[in-house]
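Undergrad: Sequence:
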Amino acid sequence: MDWLLSSGHSGRFGHEFLEFDIRVVGDGSSAVARYANNSNYRNDSLIRKELYLSSLVVEEFKRIVKTSEIMKEDDSKWPQRNKDGRQELEIRLGNDHISFETAKIGALIDVSESEDPEGLRVFYYLVQDLKALVFSLTALHFKIKPIS
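The numbers in UniProt numbering rise by one with no breaks, and the one at position 122 of the sequence shown is 122.
Be aware that one or more of the hints could be misleading.
Stated by the list, open to error - The calculated lysine-lysine pairs, modelled on DSSO-like cross-linking and capped at a C-alpha distance of 27 angstroms, are:
no., residue 1, residue 2
1, 62, 77
2, 131, 143
3, 143, 77
4, 62, 143
5, 131, 49
6, 66, 83
7, 104, 131
8, 62, 131
9, 62, 49
10, 143, 72
11, 83, 131
12, 83, 143
13, 83, 62
14, 49, 72
15, 49, 104
16, 66, 131
17, 104, 62
18, 62, 72
19, 143, 49
20, 49, 77
Claimed, not checked - With beta-carbon atoms standing in for the labels, derived distance ranges:
no., residue 1, residue 2, range
21, 69, 132, 12 to 20 angstroms
22, 26, 136, 19 to 27 angstroms
23, 26, 84, 21 to 29 angstroms
Bear in mind the hints are in silico, worked out from the structure with no lab data behind them.
Positions of the beta carbon are idealized from the N, C-alpha and C atoms, including for glycine.
Construct the entire structure; sequences and hints are all you get.
TA: In structure tokens:
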């Protein structure tokens, strides 16, 4: 399983983004996770971290993706990216490959007001779950807070 989650916008502080990339390596029993956070707020610089994930963690990512049923969704009725930013999610799971792009979701109300609230809700909660897991792993591995 491979996946890429990207969220970003261009604004007052330039191009700001948050990106997670997980790639299975070797025989598929482990993976590499890459985390990047670029914010020019208060002249912050690009933060990059890389960590290796065990087979148990890879299986947990797969479980989260499969139980979300995101592979059944279609982003054609989701809000298009705009000046506020965009969110992208790309997943390769076995022979299945899916890619989504939507406007940056600021709050759950944005989901409720969309043309496809059920599908976008699946996306929203999956992204929240994946981000929480990656933030937890990053914090445990590096003993840092990924977002201050």
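Undergrad: For every hint, state whether the structure bears it out.
TA: Status of the hints after comparison with the structure:
1. About 26 angstroms separates the Cα atoms of residue 62 and residue 77, which keeps this hinted pair within 27 angstroms; it holds.
2. Distance check on the hinted pair: residue 131 and residue 143 sit about 17 angstroms apart at the alpha-carbon level, within 27 angstroms; holds.
3. This hinted pair does not check out: residue 143 and residue 77 have alpha carbons roughly 40 angstroms apart, beyond 27 angstroms.
4. About 25 angstroms separates the Cα atoms of residue 62 and residue 143, which keeps this hinted pair within 27 angstroms; it holds.
5. At most 27 angstroms may separate the alpha-carbon atoms for a hinted pair to count; residue 131 and residue 49 meet this at roughly 14 angstroms.
6. Between residue 66 and residue 83, the direct Cα distance comes to roughly 32 angstroms. Violation of the 27 angstroms bound is thereby established for this hinted pair.
7. Between residue 104 and residue 131 the alpha-carbon distance is near 14 angstroms, which keeps this suggested pair within the 27 angstroms criterion.
8. With a C-alpha separation of about 14 angstroms, the suggested pair residue 62 and residue 131 falls inside the 27 angstroms cut-off, and the hint holds.
9. Our distance criterion of 27 angstroms between C-alpha atoms is met by residue 62 and residue 49, whose separation comes to about 22 angstroms.
10. A threshold of 27 angstroms between alpha carbons decides the hint, and for residue 143 with residue 72 the separation of about 36 angstroms lies outside it, so the pair is violated.
11. Between residue 83 and residue 131, the direct Cα distance comes to roughly 23 angstroms. Compliance with the 27 angstroms bound is thereby established for this hinted pair.
12. Straight-line distance between C-alpha atoms of residue 83 and residue 143 comes to about 34 angstroms, which puts the hinted pair past the 27 angstroms bound.
13. Proximity of residue 83 to residue 62 is assessed by CA-CA distance (about 32 angstroms); at most 27 angstroms being required, the pair is judged violated.
14. With a C-alpha separation of about 31 angstroms, the suggested pairing of residue 49 with residue 72 is violated against the 27 angstroms cut-off.
15. The straight-line distance between the Cα atoms of residue 49 and residue 104 is roughly 23 angstroms, inside the 27 angstroms bound, and the hint therefore holds.
16. Taking the CA atoms of residue 66 and residue 131, the gap is about 16 angstroms. The hint holds against a cut of 27 angstroms.
17. The suggested pairing of residue 104 with residue 62 holds, with an alpha-carbon distance near 24 angstroms, which does not exceed 27 angstroms.
18. Straight-line distance between C-alpha atoms of residue 62 and residue 72 comes to about 15 angstroms, which keeps the hinted pair within the 27 angstroms bound.
19. A C-alpha spacing of about 12 angstroms is found between residue 143 and residue 49, which places the hinted pair at or below 27 angstroms, so the restraint holds.
20. Distance check on the hinted pair: residue 49 and residue 77 sit about 34 angstroms apart at the alpha-carbon level, beyond 27 angstroms; violated.
21. Range check, residue 69 to residue 132: Cβ separation about 19 angstroms, and the 12 to 20 angstroms hint holds.
22. A hinted range of 19 to 27 angstroms holds for the C-beta pair residue 26 and residue 136, which are about 24 angstroms apart.
23. For residue 26 and residue 84, the hinted distance range of 21 to 29 angstroms is not satisfied, since their beta carbons lie about 40 angstroms from each other.
In summary, the structure is inconsistent with hints 3, 6, 10, 12, 13, 14, 20 and 23 from the numbered list given earlier, while agreeing with the others.
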